[in-house]
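**Student:** Sequence:
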Amino acid sequence: MTGPEPLRLTEILTTSSAVANYLGQPEVTAGHMLSAIAILRGEMTMESLGRPVSPLVSRIQGGGGAEPRVRELAQRWFARLGGDVGAALDDVQLASFLEELYGLTSET
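Start counting the sequence shown at 10; every next residue gets the next number (the numbering used here).
Warning: the hint list may mix true and false statements.
For each label pair, taking beta carbons as the anchor points, the in silico distance ranges come out as [what the hints assert, rightly or not]:
id, residue 1, residue 2, range
1, ARG80, SER105, 16 to 26 Å
2, GLU116, PRO35, 34 to 44 Å
3, LEU107, SER57, 13 to 23 Å
4, ARG85, ARG60, 32 to 42 Å
Rather than coming from a laboratory, the hints here were simulated on the basis of the structure.
Here a beta-carbon is modelled for each residue, glycine too, at the ideal position from N, C-alpha and C.
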């Protein structure tokens, strides 16, 4: 029997951006990344986040980025994984990544 497929950092980053967009937020936050991981693990769905913001509704200008601390975390982990866009996080790495994300959410 095989376990769940390991999560790739790029999948986490892409899904967290989708979460922020779904919620109409201009920047990806650590909370969006935690939601993305839960979605990728099958622990929740995008719909469970609440009502989406329609793409037809005017958004805050300057969106599409990430909070500076979240951007730094993503860049550091990308480098840690050798800059490989297909690199997957093993269980130990994912636990460490989650710990850092939870740390960022408690700082706000």
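**Student:** Now tell me if each hint is right for this structure.
**Tutor:** Hint check results:
1. ARG80 x SER105: 16 to 26 Å: holds, 18 Å
2. GLU116 x PRO35: 34 to 44 Å: violated, 19 Å
3. LEU107 x SER57: 13 to 23 Å: holds, 19 Å
4. ARG85 x ARG60: 32 to 42 Å: With Cβ atoms ~34 Å apart, the hint holds.
Hint 2 from the earlier list is the only one contradicted by this structure; the remaining hints agree with it.
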